[in-house]
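Here is how the chains run, residue by residue.
There are 2 protein chains.
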Amino acid sequence: MTKVGIIGIGITNFGELWDKSYRDLITEAGAKAIIDAGIEGKEIDAIYGGSMTPGLLIGQEHIGALIADYAGLIGIPATRVEAACASGGLALRQAYLSIKSGVNDIVVAGGVEKMTDVTTSTATVALGGAADQEWEVFHGATFPALYALMARRHMLEYGTTEEQMGMVAVKNHHNGSLNPNAQFQFEITLDKVMSSAPIARPLKLLDCSPITDGAAVVILASEKTAKKLSKDPIWITGSGQASDTLALHERKSLSKTEATIKAAQQAYKIANVTPKDIDFAEVHDCFTIAEIMAIEALDFCKLGEGGKMTENGDTALNGRIPINTSGGLKAKGHPVGATGIAQAVEAVLQLRGKANKRQVKGAEIGLIHNVGGSGATSVIHILSR
Amino acid sequence: MTKVGIIGIGITNFGELWDKSYRDLITEAGAKAIIDAGIEGKEIDAIYGGSMTPGLLIGQEHIGALIADYAGLIGIPATRVEAACASGGLALRQAYLSIKSGVNDIVVAGGVEKMTDVTTSTATVALGGAADQEWEVFHGATFPALYALMARRHMLEYGTTEEQMGMVAVKNHHNGSLNPNAQFQFEITLDKVMSSAPIARPLKLLDCSPITDGAAVVILASEKTAKKLSKDPIWITGSGQASDTLALHERKSLSKTEATIKAAQQAYKIANVTPKDIDFAEVHDCFTIAEIMAIEALDFCKLGEGGKMTENGDTALNGRIPINTSGGLKAKGHPVGATGIAQAVEAVLQLRGKANKRQVKGAEIGLIHNVGGSGATSVIHILSR
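So the sequence lines, in the order shown, correspond to chains A and B.
Every letter in the first sequence is one number past the one before it in our numbering, and letter 39, counting from 1, is 39.
Just remember that our numbering sits 1000 ahead of the position in the second sequence, which is counted from 1.
It is worth saying that the hints were derived from the structure and are not from the lab.
It should be emphasised that the depicted structure is a prediction, and the values quoted were computed from it without experimental measurement.
By construction, the Cβ of each residue, glycine as well, lies at the ideal position given by its N, Cα and C atoms.
Some hints could be false.
In silico lysine-lysine, BS3-like type, Cα no more than 30 Å apart, as pairs [stated by the list, open to error]:
| id | chain 1 | residue 1 | chain 2 | residue 2 |
| --- | --- | --- | --- | --- |
| 1 | B | Lys1269 | B | Lys1228 |
| 2 | A | Lys269 | B | Lys1228 |
| 3 | B | Lys1269 | A | Lys3 |
| 4 | A | Lys224 | B | Lys1269 |
| 5 | B | Lys1252 | A | Lys32 |
| 6 | B | Lys1231 | B | Lys1252 |
| 7 | B | Lys1252 | A | Lys42 |
| 8 | A | Lys32 | A | Lys3 |
| 9 | A | Lys20 | B | Lys1252 |
Not close to chain B: a few residues of chain A, all C-beta gaps over 12 Å, as computed [said to hold, decoys possible]:
| id | residue |
| --- | --- |
| 10 | Pro202 |
| 11 | Gly353 |
| 12 | Ser384 |
Full structure from sequences and hints, please.
Structure below.
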C-alpha cells in the first residue's frame, strides 16, 4: 500500500466569527490549503468533511456535497464523517484510507463547525449529542459534568490536584498567545484559573475549552504524487482508531480512556515508533483533566502521573515533550468538527519548521489525538518529516 | 487491491415501529447480519454506520460509537457517514474502501433511521437539511416541492405524464406486496395514485415515499476471507460516487441528475460492464419522478424515455430490467440513513437466488443507486455473483 503524505494545509482564525458563515469558513480554509499545496481544484479526487452537529447548529446536513459545491469542486465525491468532537480526526483517517485503497490519489480532509449562531444553551444541547442521550443527557448531564466525574475520580485515585489541572490551562494559554489563529491569544495565571467561576466542580471556567467557530483543511496525496508536488511532504506514518461505551457509567474505569490506549497502540505499531520517539503532540484537551488523561493514555507517562508531568514542566513548549503547542482546544479554540484537522495543521507546521515563536526545535515526529464525547471515540495519527 | 465480498446481510421490518428504538433497530439488523455471515463479533475489524439526521430526530450524534456500544462490539473503530439520504450507500463505500486499503479485513456497513418519534413537521424540517438550507429551505421549499420542480421540467422537455409516474408507484407497490419486510405490502391501482391527495403538484401522495423506521446491515470481507467464510459471497465489482450543487437552481438541467450519470460511469468502468449487463437494479425512488430520472441516468434507456420504459413494463418484475424488486423506497419504505444498505440487502438476496416470490430469474449482476437530497450526492455499487 502507498504511503500517504500531507502536501497542503489551511486554517481560518478560530473564535467568535460573527461575520463568517459555516460556508465561508470551510471555503476559506480549503482555498488556503489548495494554494499551500500548489495544486488546482480539478486535481482533487475526493473530499472528506468532518462536522459534528450542523443539523442542530445551522439546520444543514448533507455537508460533504455542501463543501464540494461551495469550494467550486462540483462533481467530486464528497463525504461527511461524524464522530462528535472526533469528526475531524476521522475525516483525516477516511481520506488516508481512501488513498491507501488505491481508489484516490489526492484527497481533501476538512473540518468545520459554526457554533456561535445559536444560544449557549442550544449549543450545550447540540454538544450533548456526543454523550449517551438516553442514559446521560436525558437525566441532565452536560459535558463539563461528565468530565468533572472523571476529574473527581482521577483526583481520588491518583492525588491529582485542581492546581495541576489549572497548570494545563496556563500552559495552553501561553502557547495560544503565540498562535495568531488562536481564539485566546493571551496568558493566564494559575490564580486566575483557580478563582474562575465553577462550572461543574472541580472544573472551573478556565478548565474548559470554549465554543468556537472555525475550519481547517489538509490535503493528502499518495507517496508518488506527494513527492512530485511537494518539496516537504509530511508523512502520515501511523493511524489508529478505537471506540468505547458511549455512557461513562458503563466503563470499567473513569480515570483512564481505554479507546485512546487502544488507538495509540495501533498507531505506534503501524508507525513503528514508541512514545519516547514522539517529539510533540496535539492532544484533545476539551477540559484540562482530558489533557492529563490523554498524556497518560498515550504512554508519555505512567497512569496517574499526568498531573505531575504537567507540574514538572515536561509538557511545556521547552519541556521533554511539548503538548498542545497550538494552544490546544483550551486556548486555540474548539470548533468541534474542525479540531481534529486543526491538530494536523499544527503538526504539519511544526514538522515543516514553520511554527514560528512556538516552534519545537528539531521536531521530527508528532502525534495528534482527537476524542469524541467523553472518550467513546479516539483517533490518533502519527506524522513524520 | 483485494476484491471485496458481502458475506452477511440483516434487515429489520420497515414501517412505523412504535415499539422499537433507534438502538433496537440497528442492533437487530446487525445481529441478523452477524448470524447470516456465521461469524463472531470479535472477528469484525471496523463499523461504518450511515444515518442522516439523528441529531434532529432523536437528539443523538456520535452514532458510530453508539452502534459499536449497543452491538457489544466495544473497542472496534466505528464511524458514522452522512450524505443525507445517501448516508447508507456511502457507509457501504467507506467500508469497501477500508478493506481495499488493506487496513481492515471484515467490516460492518450499517444504516439506520428512526423517523416516527417526531411529528411529521419536525421530520420535514430535519429532511430539509438535505437541501440547501440558505437558498431553498429558508424560502419554504420542502423535498416534495423540489422533486415537483424536476417532474414539471421532465414533463415539459420529454412529455412524461403523471400517469407514467403513477405507474412507478403501482409497480413498486406490487413488488412491495411480495416483500415481507416492506412498509406497504399491498397493491395499488393507477386510479388510486391519480386520485390521491396532491402534495406538490404534479406529485401526489402516492408518488411519495413514506416516513419510515428501519435499519439494515451488510458485512463485507476481503476476497480471501470471504471465500473462506462464505459459500456464496456476493462481490462488489464496482463503486462510484459523485456530487452536484446542493441547490437545484444552480444546476444546468433540472431534468437529469448529473451526479448519477458520473457515478454510474465510474461504477460501470470499474466493474467492466455496460448497462446492458445489469440484470436488475434498486434505484432511489424517493418520488416516482426520481425513479424515472434514475433509470435514464443509469443509461437503462435514453434521456427522456424513463416514463415510456416504465409504461412499457420494461422495469416490471418480469420485464427487461426489473427495477426496485424490493418495492423501492416507495413501498418498502425509506428510513433515510438505512436505504442505501437496504438496497444492498435486496441485491444480495436476488444474487443468492433467495428473493422468493420477487426473485429475478437468473440474476447475475445487480446495481444499487442511492441519492442524497435532490441529487447532490449519488453513490452506485455494482454487485455480482
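Now for the hints, and whether the structure bears them out:
no.: 1; hint: Lys1269/B with Lys1228/B; result: holds (28 Å)
no.: 2; hint: Lys269/A with Lys1228/B; result: holds (27 Å)
no.: 3; hint: Lys1269/B with Lys3/A; result: holds (26 Å)
no.: 4; hint: Lys224/A with Lys1269/B; result: holds (24 Å)
no.: 5; hint: Lys1252/B with Lys32/A; result: holds (28 Å)
no.: 6; hint: Lys1231/B with Lys1252/B; result: violated (47 Å)
no.: 7; hint: Lys1252/B with Lys42/A; result: holds (19 Å)
no.: 8; hint: Lys32/A with Lys3/A; result: holds (24 Å)
no.: 9; hint: Lys20/A with Lys1252/B; result: holds (28 Å)
no.: 10; hint: Pro202; result: holds (25 Å)
no.: 11; hint: Gly353; result: holds (30 Å)
no.: 12; hint: Ser384; result: holds (18 Å)
Taken one by one, the earlier hints fail for this structure only at number 6.
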